[in-house]
Amino acid sequence: MDPLTVQFSLKATDPRFPYKLIAAYILPQHILKDQDPSKLAKSDWFLASPVGTGPFKIFKYVKDQYQDLVPNEYYWNGKPKLAHLINRYFADETAAIIALEKGEIQFTYVSGDVAARLKTNPNYQVFEGSSFVSNYIIFNFRDKRFQDVRVRQAIMYAIDRKAIVKDVFLGAAYLEPCTLPQKTFWPSDVNWYDYNPTKAQQLLKEAGWNPNDSLEIWTYYTAQQQKDALQAIQAYLAQVGVKITPKFMDTPAYNAQFYTGQGWSLSYRGAGLPTGQSPRPFLLASAQTVDKKAWSGLDDPKLEQLLNTAEKSLNDTDYVKGMQALCKYMNENVIEASLWVGTRYGAASSKVKNFYYYPAPGGGPYEDNPELWEVVP
Amino acid sequence: MTQYILRRLLINLPVLLGITVIVFSLFAFIPGDPASFYINPELATNPVQVAVIREQLGLDQPLPIRYARWLGQTLTGNLGYRTKNGDPIAFVIWLRLQATALLAGTALFIGIAVGIALGVFTALRQYSLWDYILSGLSFVGVSMPAFILGIFGLYIFSIQIPLFPAGGMSTVGQAPSWEDTLYHLALPALLLSLGYIAVFMRQTRFSMLEVLHQDYVRTARAKGLHESRVINVHTLRNALLPVVTTVGLNLPSLFVGTVFMETIFSWPGMGTLYLDAVQSRDFPLIMGLNLVTATMVLLINLMTDIAYAFVDPRIHYT
Chain A
1 MDPLTVQFSL KATDPRFPYK LIAAYILPQH ILKDQDPSKL AKSDWFLASP
51 VGTGPFKIFK YVKDQYQDLV PNEYYWNGKP KLAHLINRYF ADETAAIIAL
101 EKGEIQFTYV SGDVAARLKT NPNYQVFEGS SFVSNYIIFN FRDKRFQDVR
151 VRQAIMYAID RKAIVKDVFL GAAYLEPCTL PQKTFWPSDV NWYDYNPTKA
201 QQLLKEAGWN PNDSLEIWTY YTAQQQKDAL QAIQAYLAQV GVKITPKFMD
251 TPAYNAQFYT GQGWSLSYRG AGLPTGQSPR PFLLASAQTV DKKAWSGLDD
301 PKLEQLLNTA EKSLNDTDYV KGMQALCKYM NENVIEASLW VGTRYGAASS
351 KVKNFYYYPA PGGGPYEDNP ELWEVVP
Chain B
1 MTQYILRRLL INLPVLLGIT VIVFSLFAFI PGDPASFYIN PELATNPVQV
51 AVIREQLGLD QPLPIRYARW LGQTLTGNLG YRTKNGDPIA FVIWLRLQAT
101 ALLAGTALFI GIAVGIALGV FTALRQYSLW DYILSGLSFV GVSMPAFILG
151 IFGLYIFSIQ IPLFPAGGMS TVGQAPSWED TLYHLALPAL LLSLGYIAVF
201 MRQTRFSMLE VLHQDYVRTA RAKGLHESRV INVHTLRNAL LPVVTTVGLN
251 LPSLFVGTVF METIFSWPGM GTLYLDAVQS RDFPLIMGLN LVTATMVLLI
301 NLMTDIAYAF VDPRIHYT
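Residue numbers (this note's numbering), protein chains in the order written: chain A, 1 to 377; chain B, 1 to 318.
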């Protein structure tokens, strides 16, 4: 509309729209106006010579090795103090941590066990925050065995989630009552399904579960911690008579098969739901399935109605109430076996000042002031 | 010899074609395609977007058509572009090949030079203390997994005794120089060479011991030849024939890469490129990599056979 005003025209009312703008980027019209938008994603321009509104700009890009950024003197909040911000690529976490300890780099992502070690070292500062990725077991409702809510509830009672978080993730996760990682969406009267294998066995018996049945549980997770967590789940479920066999796949193989909705009964997976992200695709997306139902085969008008009510709320208070109602419904009916939300860590040298890092978008302060970052001698 | 070389080169052409057909067919059976690589299971993906990507990449075409398109393009010298980011494949492979050849080539050179020298040394001192110590260490060298050696070596020689950098091919921000590259190359090449040293040492020792007990060696000594001449001229040359075979078997690693060392030392070589190609189902890149690697292996096999003729004058090719 004018140099400092943009108007968005929407096809329908969307009270959540302002939150979706975190995924919108300002692009330079004077450079990209003649480029075919369908080819933008493959353009090397973004890597080799991008123009942006951020605090740094590309100085040098050495393919597969590093990106050297220098301050953008036109940054709206002032020119950054750092002379160079270098993004180095490490294929292996251990190599990155060794480089941090050697002083060759000043910041890297670290796993929970490394964070625990570095926290006690005055030479480092550790940042932690929610990943906003819910780990859960998704049921395929096309398998009639999981249409009985008692079976789903039994699975929740059978798994000692607190023990897994403590012993496998070393505390780097928090339990959730439904697959919505924001704590503001959790009503106070949810069922936390505290570990109770006796109750699990009772529910399975009432539901007529056959203890000789054997199931596969698919996952695309290949990190050792996640494998250990899944093996712990396998052991807990075996104790109550639910036999599962993990099937570890790489992401493309998982994607090629999971989204058809066929061939699987259970899957251990994650859903990234930072602030502003709707759970709709994870609950109801159906475009890729063979039978055009949701991935899980779920056909639940009440669930969809609760989600619609929440997302059409015209203010945040009603939105939160709506999401709490959704969470309660998901929790009572165990629409998904919600397990935990991982915590992620970053570690920086103590020589880095005024630095802020938060693992997931929307989980920290609005502004992390990159123009103030500096490294002292 | 010329006719032999030409004949071998001609035979290699249908072999290469067969390899591309086999690799393409096998790849078609792997679940998932480049479009499914784009989907992050933890993020909400637009299926329409995925369908567009699938069409843009030609994944909606039948397999024979996709193979014919790839072959036709390759015969014009164009290996195509990566599905992941559109990089020209020939350029990507050339960059990574240089990095791998530098790392694996240096390690192989050290392995051959030191391994053969130690093999001769231990063979001439059979059952001595040095023989036992070095033979024992060679067992460790052959058995030690590369990733343990890499992590351990990085920890010891980069942190505990800070002699070397913690990975990468160059110092960030500095102008490229041979000294800087050698500084970054030293540790991974030395660690990688330990396996080669062990292999070549054992092979050379075994061959030398076989040859040392031959009648013609006894005759050479009886004739009063100096021991160094007996070893270097009469013994070593004959003992090297099996070693040449072992060198030939290891040369393809110059092009295939060493995934573990490259990963640990952030060395952008062919090994990590291969891994990335398979994980991202980057079909054109996989085909390009296999074509280049197969060509190199076939040429190396030919060079190894030719080398035999130089090492062993009894061998003639027609």
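No wet-lab data here; the hints were simulated from the structure.
Please read all numbers here as calculations on a predicted model, not as lab measurements.
Positions of the beta carbon are idealized from the N, C-alpha and C atoms, including for glycine.
Hints may contain errors.
[Unchecked claim] Straight line, CA to CA, 35 Å or less: simulated DSBU-like cross-link-like pairs of lysine-lysine: (1) A/Lys227 to A/Lys312; (2) A/Lys247 to B/Lys84; (3) A/Lys321 to A/Lys20; (4) A/Lys227 to A/Lys292; (5) A/Lys144 to A/Lys321; (6) A/Lys102 to A/Lys63; (7) A/Lys63 to B/Lys223; (8) A/Lys79 to A/Lys60; (9) B/Lys223 to A/Lys293; (10) A/Lys57 to B/Lys84; (11) A/Lys20 to A/Lys243; (12) A/Lys199 to A/Lys321; (13) A/Lys292 to B/Lys84; (14) B/Lys223 to A/Lys11; (15) A/Lys39 to A/Lys57; (16) A/Lys293 to A/Lys199; (17) B/Lys223 to A/Lys39; (18) A/Lys321 to A/Lys292; (19) A/Lys81 to A/Lys20; (20) A/Lys119 to A/Lys293; (21) B/Lys223 to A/Lys33; (22) B/Lys223 to A/Lys60; (23) A/Lys60 to A/Lys102; (24) B/Lys84 to A/Lys227; (25) A/Lys162 to A/Lys328; (26) A/Lys144 to A/Lys119; (27) A/Lys57 to A/Lys20; (28) A/Lys63 to A/Lys205; (29) A/Lys302 to A/Lys321; (30) A/Lys102 to B/Lys223; (31) A/Lys353 to A/Lys328; (32) A/Lys302 to A/Lys205; (33) A/Lys293 to A/Lys11; (34) A/Lys312 to A/Lys328; (35) A/Lys353 to A/Lys57; (36) B/Lys223 to A/Lys20.
[What the hints assert, rightly or not] Footprint (simulated), chain B over chain A, 3 or more residues, beta carbon under 8 Å: (37) 169–181; (38) 283–293.
Status of each hint after checking the structure:
1. A/Lys227 to A/Lys312: Roughly 39 Å separates the two Cα atoms, so the pair is violated.
2. A/Lys247 to B/Lys84: Holds, at about 26 Å.
3. A/Lys321 to A/Lys20: holds, 20 Å
4. A/Lys227 to A/Lys292: Roughly 31 Å between the alpha carbons, so the hint for A/Lys227 and A/Lys292 holds.
5. A/Lys144 to A/Lys321: holds, 32 Å
6. A/Lys102 to A/Lys63: holds, 24 Å
7. A/Lys63 to B/Lys223: violated, 62 Å
8. A/Lys79 to A/Lys60: With Cα atoms ~19 Å apart, A/Lys79 and A/Lys60 stay inside 35 Å; holds.
9. B/Lys223 to A/Lys293: Cα-Cα ~91 Å, so violated.
10. A/Lys57 to B/Lys84: The given pair, whose Cα atoms are some 24 Å apart, holds under the 35 Å limit.
11. A/Lys20 to A/Lys243: violated, 41 Å
12. A/Lys199 to A/Lys321: Holds, because 31 Å separates the two Cα atoms, which is no more than 35 Å.
13. A/Lys292 to B/Lys84: holds, 29 Å
14. B/Lys223 to A/Lys11: violated, 101 Å
15. A/Lys39 to A/Lys57: holds, 22 Å
16. A/Lys293 to A/Lys199: Within the cut-off at roughly 32 Å; holds.
17. B/Lys223 to A/Lys39: Not OK: B/Lys223 and A/Lys39 at ~79 Å, beyond 35 Å, violated.
18. A/Lys321 to A/Lys292: It holds: about 30 Å lies between the C-alpha atoms, which stays within 35 Å.
19. A/Lys81 to A/Lys20: Satisfied, since the Cα-Cα distance of roughly 31 Å is no more than 35 Å.
20. A/Lys119 to A/Lys293: With a Cα-Cα distance of about 47 Å, the restraint between A/Lys119 and A/Lys293 is violated, given a limit of 35 Å.
21. B/Lys223 to A/Lys33: At roughly 87 Å apart (the allowed maximum being 35 Å), A/Lys33 and B/Lys223 break the hint.
22. B/Lys223 to A/Lys60: violated, 68 Å
23. A/Lys60 to A/Lys102: holds, 24 Å
24. B/Lys84 to A/Lys227: With a Cα-Cα distance of about 27 Å, the restraint between B/Lys84 and A/Lys227 holds, given a limit of 35 Å.
25. A/Lys162 to A/Lys328: holds, 20 Å
26. A/Lys144 to A/Lys119: Violated - the C-alpha atoms of A/Lys119 and A/Lys144 are around 48 Å apart, more than 35 Å.
27. A/Lys57 to A/Lys20: holds, 25 Å
28. A/Lys63 to A/Lys205: Between A/Lys63 and A/Lys205 the Cα gap is close to 59 Å, so the pair fails against 35 Å, i.e. violated.
29. A/Lys302 to A/Lys321: Holds, because 16 Å separates the two Cα atoms, which is no more than 35 Å.
30. A/Lys102 to B/Lys223: violated, 61 Å
31. A/Lys353 to A/Lys328: violated, 43 Å
32. A/Lys302 to A/Lys205: This hinted pair holds, its Cα atoms lying about 28 Å apart.
33. A/Lys293 to A/Lys11: holds, 25 Å
34. A/Lys312 to A/Lys328: With a Cα-Cα distance of about 18 Å, the restraint between A/Lys312 and A/Lys328 holds, given a limit of 35 Å.
35. A/Lys353 to A/Lys57: holds, 21 Å
36. B/Lys223 to A/Lys20: violated, 91 Å
37. 169–181: Contact hint for the stretch 169–181 of chain A vs chain B: violated, 0 residues under 8 Å.
38. 283–293: Result for this restraint: holds, n = 3.
Of the hints listed earlier, those the structure fails to meet are numbers 1, 7, 9, 11, 14, 17, 20, 21, 22, 26, 28, 30, 31, 36 and 37, in rising order.
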